[in-house]
Structures are given as structure tokens and as C-alpha cells.
Amino acid sequence: MTDDTIGGRGVNAPDVVRRDLSTEALLTVRDLRVEFGKKGQRPTTAVDEVTFEIRRGEHLGIVGESGSGKSVTSLAIMGLLPATGVRVSGQIMFDGEDLLAASEKRMRDVRGRDIAMIFQDPMTSLNPVVTIGTQISEVIRGHRDMGKAEANERAVELLRKVAMPDPGRRMKEYPHQLSGGMRQRVLIAIALANEPQLLIADEPTTALDVTIQAQILEILKQVVADTGTALIMITHDLGVVAGLCDSVHVMYQGRVVESAQRRPLFAEPRHPYTGGLLASVPRLDSPRGQPLKPIPGSPTDVLPWTQGCAFTPRCANRIDTCTEKTPALKIEGQRALRCFNPLTLSSAGGATP
Amino acid sequence: MLRFVVRRLALMVPVLVGLSILLFVWIRALPGEPARSMLGQRATPEAIERINNLYGFNDPVLQQYFTYVGRLIRGDFGESTRNGDPVVSTFFDQFPATIELSFAALLFAIVLGIPLGYWAGRRVGGWLDNVIVSTSLLGVVTPVFFLAILLKLVFAEYLDWFPTSRRSDARIEATHITNFYVLDGLITREWDAAWDAIVHLILPGIALGTIPLAIIVRITRAAVADVMGEDYVRTAYSKGLDPAIIRNRHVMRNALLPVVTTIGLQTGLLLSGAVLTESVFEIGGIGRYLFEAISQRDYPVLQAYILFIALIFSIVNLLVDVSYGVIDPRVRVS
Ligand SMILES: Nc1ncnc2c1ncn2[C@@H]1O[C@H](COP(=O)(O)OP(=O)(O)O)[C@@H](O)[C@H]1O
Ligand SMILES: [Mg+2]
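Residue numbers (the numbering used here), protein chains in the order written: chain A, 1 to 353; chain B, 1 to 334.
No wet-lab data here; the hints were simulated from the structure. Please read all numbers here as calculations on a predicted model, not as lab measurements. From the three backbone atoms N, C-alpha and C, an ideal C-beta is built for every residue, glycine too. Treat the hints with care, since some could be wrong.
[To be verified] Here are some chain A residues pointing at chain B (derived, C-beta under 7 Å):
| hint | residue |
| --- | --- |
| 1 | ARG111 |
| 2 | VAL129 |
| 3 | TRP305 |
Isolated chain A, as found in the complex (with noise of 0.2 Å):
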């Protein structure tokens, strides 16, 4: 990625607008453990120790590189985890409700009416052979008592919320029909469609051409702002949570390893994995033609965390103490770290949020 490819949403973009948020929390997400194992075999841990919450209207970064854990996080909340070979445990409460404990009827309540998701890539996921003004109209009757016509003209009127040209032509086409962009578009009116309280937003936009993403993450702030739903963005690129997110959550293999406010995590970052993640940023204020600076190696060459930090063999910062002992998330004042050795200041490539 170059730095003109971000366009106005790098690190550097406009302050997001301000608003109001309630003190209580719409979400609490407490100790959530996902393991995977199949019959015979060891179980795998893809998410541990996860611990977050969301207050209304509050828009949440999960940021993470691939692999990280960002989307079992988010299955967990929606319940559409497999329904075999999974262990969850820890607490997921929902506006005063364990959704751990519900039932499938009661999460099928749930789903589509008071939290949405939208999933990372638009092009398969809307039904081919199901027109689009089925699909939108679909999860309106879901869980609405509303009639065909009326919930064909709610659906017109989301698509030209999301800015959909010609939206009521574009209830008769099909998937293929459409582009990327489009149907993204396509998705969020679905998510949207019964103003959720709680948007899960997966790398809305990773799989889109780089030029629409600006204009979907736009569009996405919006409706989200319209309707007053807290979002919960999830990506790898710190550059989209910058222009949006009240409050970060930085994940590595499977834990929360720095949780802050935006602008303190931008200005100051004190996980060394924060850290290289802003560093491999795009910066509209860096010189042109300056290389990134990737963080080295690759999620896989990690030890577990049983047997100490898991970002040790690519952490600079690293000391002795990190091999022999798991580090513990540690709450210091608005932050809480996960590091024996963090950064300071000074050695910290801060940025302005």
C-alpha cells in the first residue's frame, strides 16, 4: 500500500464526530475462550482471556493481524459458531442477557434484529440465486410483523441510504449483477435493515479495491451515526480505526495484548505490537517513496502463550523474563497492557489519531 491509496483516512484523518455516549455498557464481553478441537485431537485455543466492553453508540476497534482471533471473537457474540468441536466459555452479556447461556431461539431473536454483522467479503456473501430486494426484505419479515410491499419499500429505502445508485431496479437484480462496492453496500443496508443496537462490522472492507474502501467506511460511519448503533469495527489496518473508533482493543494470537483509547494508543503505543502496527501504517505526513516498516516474521513462528509472551521472537523489546513467564493483562490507569517490556515514550513511533 502506498500513503495515497488511505486517502483521507490514515492516521492523520479528521477527528471522528463527536457523540453522545451512555455510561452503561450495551456489551460485556468477560474471560472469552474459544478452543477448537476435533475428535481425537488436541485442542487448539484461538481466543483467550478476551475482555472488552461497548457502550452504546460507542464505535470499538478490534485490530489484530490475520490470524489473531478478530473473527471467532465475533462469531462467539453472534452464537454462529460451529455448532461441533467448539469449547466456549467466559460471558457475553447483551443489554443484561448472557448470550452464552440463550437458547438458538432466543439468539435467532437476536441475530438480524438488535446485533448485525457484516462479513469480510461482499462477493460471496449474498446468495447467487436470491435477488437482492428478497435479501434485504428477508430480514425486515424476520422480525417485523410487516407486510411484502411494505418491507419491499424499507428495503428501497436502505439501499438509498447506502447511497445505492437506482435502488429500486436494483431490488430485482442478483449478486452477480453488482459489483464489490455494491454489494457491500447491499450488506450493510441488511445489517442495518432493523436498526440493530450493536453492529459487528468484520473487515467490511479488506477484500474491496482500495479505492471504494474509503467510500464504504464513509457510508458505514454514517448509517451507523443515523442510527445511533454502537459499532464494533474489526480490522488489521489501525488506519481504519483511526477516523472512527472511540476506544482500541490490539490482538495477538488469540488475546488482547493493549486495550487504550484511540488517541492515547496513537499517540503513545506501549505494546511493542502496537507499536510496529502504527509503524506499518501509511502516513500522509511521511515522505513519499519512505518503505514501510513491516513488523518481521509472521504470526505462525510463535511460541502458545503457556510458555511466555507469544510475540516474543518478533518483539525488539524483548527480555529474559518473556520466555520464562505468561504475561498478564495489567490495567494502568485508562490502559490495560499485556508486556513485561513496553515501550516509552520516547522509543514509541507515536502518531497523532
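Chain A is fixed; fit chain B with the ligands onto it per the hints.
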């Protein structure tokens, strides 16, 4: 869609004409000739010559073909060289029996196969899947002939639940219009005759339908398992939709595409299997008649029967293509 059907029907005409020419030439190129079959090995050359002149078999092939087509247009299919029966009358007597049997078998296979395949495919590796898959394996490897005899022995002769043979009970009065007995019973409102015809179809239908059933189960299972892993099914679940809507609109509508193709491919299997089933249950279909016509080089019968089978194949193919277009907007021709 209508234009597509009309175009495909129009396209069938040259295909069938070409096929009829090939067929005409091909059966005459087979070793042996009708006259010798009729008169036996010791026939004198003069007698054979007389027969060949009588039927025009000495004329150039092309001339024979045009004579044949000319008669065909007037509705004259010629006579059997074996017994002089008009081909038309045996044709309309036997084909309905075979088609009705094949249809019953296919219905059995589809109505049972698609739900079973769905239940197996939803949870691949589950106990239900294991039971269904191993049973369907048994279905594929059981020869039609063997299964037909087994069903007849157990359910017709020993348990006496079903009739042992034929298409209807002679004691029940029935008017035959189309020679499709079930259909006739419905048209004439002779309900007892229709029911009787259905009862007679059950055992042969199961015998003939078992292999197609097993194949449909396996294809449906694989298709459903595939579709279940698709992103759009996850989207459907994330919408909190009614399970029946997810199953019908999102899973089955996509999984049906390969199943429809498979059903189309069963036609040949059904027709050949029908011949065996018919002989076990003494159903007067095309089976034995066609077999004898082949062994005795009964040209007029072979021409009419084989061409009609080709026509059935073309129509089934067209139906498969049309249902494809109905199900999948991506293949719909503009
Ligand atoms: N259905 C599954 N079965 C087994 N392992 C899985 C499954 N889904 C995800 N995982 C594992 O969980 C880990 C986290 O995956 P994921 O949440 O998709 O990462 P991210 O979304 O951050 O890229 C990965 O190591 C992945 O292999
Ligand atoms: Mg993911």
C-alpha cells in the same frame, strides 16, 4: 425463458433428423438381416429375395429412408417384420407402461433422496450421515434384477401386501385412453382403477428407483455440505431467519443445481433398468419387445423405438436446462 424453450425445441428437430438418418444406416449395417431371422438358417436365396423385395430392403438406403419418412409423416410407422403388427399399436401399448414405471421410480428416488441427502449433508460425519451414506452404498451396489426378485418374494408373495405382477387387477374395470394407467384412472374418474394402478407400481418403482435414489442422496449430500460452508449461508444465519427459510431459500435452492443435473442423467439408467424390472413383474413395457426386435433385426420396430427413446433424452435434457435457468439467474439466457 419462453424464447429459450422454443429455440431449444426448434434445435431438437435437426438433431432428431440427423439421428434418424444415422440410426437408419446403422441398423442396416448390422450383421444379419430381417429376412433371415424370419425364415431361419435354411431359407433359400429366392425366399429371402422375395421378402427383401416385399419390404423394399433391396432399394438404396437413401430411397428407403425417404419412403420411411414419407410414411411417418402420414402417421404410418410400418409393420413389424416378425409378426406384421402395426408398430404404432405396440408402441402406444408398451411405451406408456415403461414411462409410467420409470416415472414412479424417479418420483420415489427424488421424494426420498433429496430430504435424506439434506439431512446427511447438514452434519457430515454425524451418525445420521453415516447411516444414510452406508445405506446408500448398499443401494448402489444392489443389482436391479436381484432387488426386484427380492421385493417380489418378500412383499408380494410371502407377506402378500402388494400384487405380484402386471399393471392392474383384471377384476377392476378400467377404461384406457392414454395407456398411462394412473393417468387414465384420474381422467375417467375411476378412482379404484387409479389406485389399483398405483399399488401395482409400488414394488417395481422401488426396485427400479433404488439406484437413482442412492445416487441422488449422495449428490444432494455433497451439494448441501458444500453450500452449508458458503459465506452466504453464514450471512443468512446472521440475519436470524427462520430455519425453514434458511433451508429452502438459501441452502436447497443452491444445492439443487447439481442434483437437477444428476436427475437428468438418470434417464438412461431408468430405461435400461426398466427392462429388467418389467420382466420380473411381468409388466408389458418395451423391454422384452425391444430385445427381441434387436435380436431379429426388426427394422421398423427398432427405428421407431430407438428414435422415441432419443426424443425422451432430448426432452429430459431440455427440462434440466430449463430448471437450471429457473433456479440460477446466472445461467439465464437473455
Ligand atoms: N472453524 C474453525 N476450526 C478450527 N480452527 C479455527 C476455526 N475458525 C478459526 N480457527 C482458528 O482460530 C484462529 C483465529 O482465527 P480468526 O478469528 O479467523 O482470525 P482473524 O479473524 O483475526 O484473522 C486461527 O488460528 C484459526 O485457524
Ligand atoms: Mg477474520
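The hints, checked one at a time:
Proximity of ARG111 of chain A to chain B holds as hinted, the smallest CB-CB distance being about 3 Å (cut-off 7 Å). The beta carbon of VAL129 of chain A is positioned within 7 Å of a beta carbon in chain B (closest approach about 5 Å), and the interface hint is therefore held. A cut of 7 Å between beta carbons decides the hint on TRP305 of chain A: the least distance to chain B is about 28 Å, and the hint is violated.
Checked against the numbered hints given earlier, the structure breaks only hint 3 and satisfies all the rest.
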